[in-house]
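J.: These protein sequence lines are chains A and B, in that order.
Note that numbering that gives the first Met the number 0 gives residue 204 to position 205 of the first sequence, counting from 1, and the numbers run on in steps of one.
Note that numbering that gives the first Met the number 0 gives residue 283 to position 284 of the second sequence, counting from 1, and the numbers run on in steps of one.
Be aware that a few hints might be false.
Stated by the list, open to error - Across the chosen pairs, the derived CB separations fall in these ranges: (1) 65(B) to 12(A): 45 to 51 Å; (2) 57(B) to 12(A): 29 to 35 Å; (3) 250(B) to 91(A): 54 to 60 Å; (4) 227(A) to 194(B): 51 to 57 Å; (5) 290(A) to 46(B): 56 to 62 Å; (6) 15(B) to 91(A): 36 to 42 Å; (7) 39(B) to 230(A): 44 to 50 Å; (8) 99(A) to 190(B): 49 to 55 Å; (9) 46(B) to 137(A): 27 to 33 Å; (10) 296(A) to 250(B): 40 to 46 Å; (11) 91(A) to 196(B): 26 to 32 Å; (12) 250(B) to 99(A): 40 to 46 Å; (13) 220(A) to 139(B): 51 to 57 Å.
No wet-lab data here; the hints were simulated from the structure.
Note that this is a predicted model, so its numbers are computed, not measured.
Where is the CB? At the ideal position from N, CA and C, for every residue including glycine.
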Amino acid sequence: MSAYPNGTRKASDVQIAVFQYVVALAFLWLLSGFWQLQVQSAHVYAARAEQNRIKSLAVPAARGKILDRDGRVIVNNSPSHKALLSRASLNPEHLQLIADGLNIPFERLIANLKRLETSNAPEYQGAILKETLSQAEVAFVEAHRSQLPELKLIRSQRRLYPQGGLAAHVIGHVGEISDDELDQDAFMFYEPGAEIGKAGMEREYNDVLTGTDGRRLVEVDSLGRERKLFGTIESKAGHSLRLTLDLDLQVVAELALEGKKGAIVALDPHNGEVLALASRPTYDPNKFIGGISPEDWRQIQKDPEYPMMNRAIQAQVAPGSIFKPIVALAGAETGLLDDNFGVSCSGGALFYSRYFRCHAAAGHGPVGLRNALAKSCNVYFYTLGNKLGIDRIAEYAELAGFGRTTGIDLPNEQEGLVPSTKWKLRHYVEKWYPGETISVSIGQGALTVTPLQVAYAIGGIAMGGVWHRPHLVAHEDRRTLRPEYETPDPIAAELNKQHVESIRQGMWAVVNDGGTGGRARIEGYDICGKTGSAQVASTQFKQRNEDMELKDTAWFVGFAPCEAPELVVAALFQGGEHGHLAGPMVRDVMKSHLDKKIRSRWTQSTPPSPREATRPVAHTAAAIGRQTP
Amino acid sequence: MTGQKLARDFDWVLICLALAISALGVIEIHSATQNTAWQNAHLRQMAWIVIGIVLMWIVSTVDYNWWVEHVPAFYVASLVLLLLVGIFGHIGGGARRWLLLPGGASLQISEFVKVVLVLVVAYVLGELPRERISLSTLARLTGVFAVMMLVVAAQPDLSTALSYLPILAVGVWTAGIRWKYLTAIVLLGMLAAPIGWYSLKPYQKERVVAYMDPESDPRDTGYQAIQSRIAVGSGELWGKGFARGTQTQLSFLPTPHTDFIFSAYAEESGLAGVVVALILYFGLLMKIVSNAQTAADNAGMYMCMGVAAVLFFHVVVNIGMVIGRLPVTGIPLPLMSYGGSNTIATFMLLGLVNNVRLRRFTN
């Protein structure tokens, strides 16, 4: 049967034995490999397998809401999704698809990634491509999970600011922490990419508003899909921050400034609570969320009106005639303004061989303090200022709070400038010429103030010499949020009641007795005030540069009711030309305060129920209604 | 040969070892493909095994001498089929390897070529006298192999083409080769290595580089090597349990039911399971070799050695890849990896071994 009978078999035993040994050695070699992996380095690989599958994901905590004094919501949060691109597993071919799906211009996406590449950010730190995704964009990411494993959704809480820039300068905005901020003590526990308050209350009370992020421990597969949830540490939302701001007054102040350049500050002179603080032009803080787009940023930076500037605390301009009550106070308190002091205004006067004009060319005739304030007679205050000398004017200006920050709880407040002999010597190494005092005594010259300082100063005088530090969060609220906080003592000066009374009367006449501020008058409300118009440039300079916007600055400061002031309002209208044009702005704010008082008297004497308190009233409804849903 | 005698003389130990390994494979395929698009792969694999056993029996029943005598026909037929695949074949994994059969099944002809080549070695070397192999025989055999390897490599499927080489090498080694020839071949191989490197496709070079330094390219080939090592290592001594390997179940491990099935197996059953599987494979190889030793003639001996060689090569290259000691290649693990052609071809090879055993006393 067989063609190969037994006996013809080759003696290949040695070769076969060698093959057997080779097989045995190879298997031992394989086994040693498993020994090394599964016994010797087992813990290393076990740990790496755990690292592969178990991810600890941050659950971002919502920031605290920002409320007005009645508990009405000014800044809210809304749940949203961010798109995160994992740069470590990025496939460059997918970028076009991602850009299209998320509606991001392709060039911006590339620029964004390039910027991250050149920064020191570690590669495992993903790139936030878009902060707030639309529903369609969320659907896109979810539908492409397996195709685009590098693209992930992050649930977050988006900050919702009022639209139209309402109170933008008070609230501020949030944004990604910068490299410089990371080096600061206040942010030592923050990681790159964290969202922090960048300006305004968001910055000032960042620690209070920031919540504690939670964490989710999940099992993920190789595509990053969550398979199992091991546990969660709930995130803790930040504290709500109740401001002293009154939305009713704030909205009126904003509307009064609409289309203008300037600021309005309303304070309660009893305690320093800020009821309204508005600055125009304004900006939309919503644009800053998740990083402002380069176009928007360029637009804001190029704007010659500086919309980001909070003019209420940062505009340092000459006060003009609203400085006169301070000069009057200095005169009265130093005893210069006795019964013998009288000035006759003939439309100007000669001081140190220079002729200084009064704004009324025909002159005011013989004037006393009441009329000097009511008609804002320059010659009266030239004369008084000249007698006082610069240092005594400076003394009382500084007492009233000029030349230094008021200490309001807002970042980057400016000091303004109160000139004095010492100041001149220090900065110009020159002596003070008495002629310079003449300008300062009507609020011109080197003197500059901020609207907040004006409200603070006049409010303190109206209170008979008690200045309360302005603040946006009530002292008791602040103590609750920051236990180490100590309520600052007010600055009190022993002013002669009669002196205060005579200034008050002069300011009453400004509004109510044929004075320059008649436009601020409200029937049935006793308003005291003072107009001011400050020159931006000399008349000669203006003539030479007719095309330039060099219109005078209009001021008005008022308090009411005159006898027992509960509200002081300062308005700055840059380019407003005449002080009486700022008057109606102050009147509007005072009117809304009065209306509210009457309304609450009508409804009930007990404090409003929380339900009612959260319902926006009348004109605020319009402003709140403009918030994005 | 009667059916009774056939049943009595069958190499039951060999069959049992093969079936035990196949069972481990089916279980691991089931575990690795749960809740994936490959859900029913283990059922299909069982079907392949049954078909394989039937073919093994058929291969065993016809005297192997008949198979050996007709090998030129099989050889030519395989070449024709391979060329047909090259022209009409179905593209899978970037290469034209699959011949679609009516009914949706697809055959990888290059797997069955192994069976033919084992017979080719027996055909060429079986009738040679006792002396060592002559240069002309060596050249003839090498030429026959080279043609087949070139056709398969052109598909392109270098891994499978290279897997034919051990059949030739072990055959020549068993026949007895002069030391000077062996030295010459080794030297030629060393000289050819750089030329070979330049003729490699970029993805093949990548694989070699990734093998040398897997962390250099953690995204692609290196990724596979790293994930495989993590799977194996994290299995530790006793494994994570059936369907509980995180690397396998969360698809960090690539192709856990085919090329990397042993990683999945090592993760879920630990070193303990690995030792069991390695013992089974070693037993299987030794059993095949023992059949070579007891073969009635040279042809039978060469056939058994050829089978042992090709299976040994597959096991070492595949498992060596799993533990990161060899580069990533597309070589499946016989009897464990999911795949019809490979499974059936392997059982046919075992059928040849059985054939030799059944006729070891015939005279």
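J.: Now tell me, hint by hint, if it's right for this structure.
T.: Each hint, compared with the structure:
The given range of 45 to 51 Å is broken by residue 65(B) and residue 12(A), whose C-beta atoms sit roughly 27 Å from each other. Taking 29 to 35 Å as the suggested C-beta distance range, the pair residue 57(B) and residue 12(A) conforms, at roughly 32 Å. Judged by the Cβ atoms, the range 54 to 60 Å given for residue 250(B) and residue 91(A) is violated: they are separated by roughly 24 Å. Checked against the given bound of 51 to 57 Å, the beta carbons of residue 227(A) and residue 194(B), roughly 52 Å apart, stay inside it.
Here the CB-CB span from residue 290(A) to residue 46(B) is close to 58 Å, well matched to the stated 56 to 62 Å. Distance hint check: the CB atoms of residue 15(B) and residue 91(A) are about 54 Å apart, inconsistent with the given range 36 to 42 Å. Separated by about 35 Å at the C-beta atoms, residue 39(B) and residue 230(A) break the suggested range of 44 to 50 Å. A hinted range of 49 to 55 Å holds for the C-beta pair residue 99(A) and residue 190(B), which are about 54 Å apart.
Hint check: residue 46(B) to residue 137(A), Cβ distance near 44 Å, so the stated range 27 to 33 Å is violated. For residue 296(A) and residue 250(B), the Cβ-Cβ distance of about 43 Å falls inside the hinted range of 40 to 46 Å, so the restraint holds. Range check, residue 91(A) to residue 196(B): about 29 Å between beta-carbon atoms, so the 26 to 32 Å window is met. Remark: the range hint 40 to 46 Å for residue 250(B) to residue 99(A) is contradicted by a beta-carbon distance near 28 Å.
Checking the proposed 51 to 57 Å range against residue 220(A) and residue 139(B) shows it holds: the Cβ atoms sit about 54 Å from each other.
Checked against the numbered hints given earlier, the structure breaks hints 1, 3, 6, 7, 9 and 12 and satisfies all the rest.
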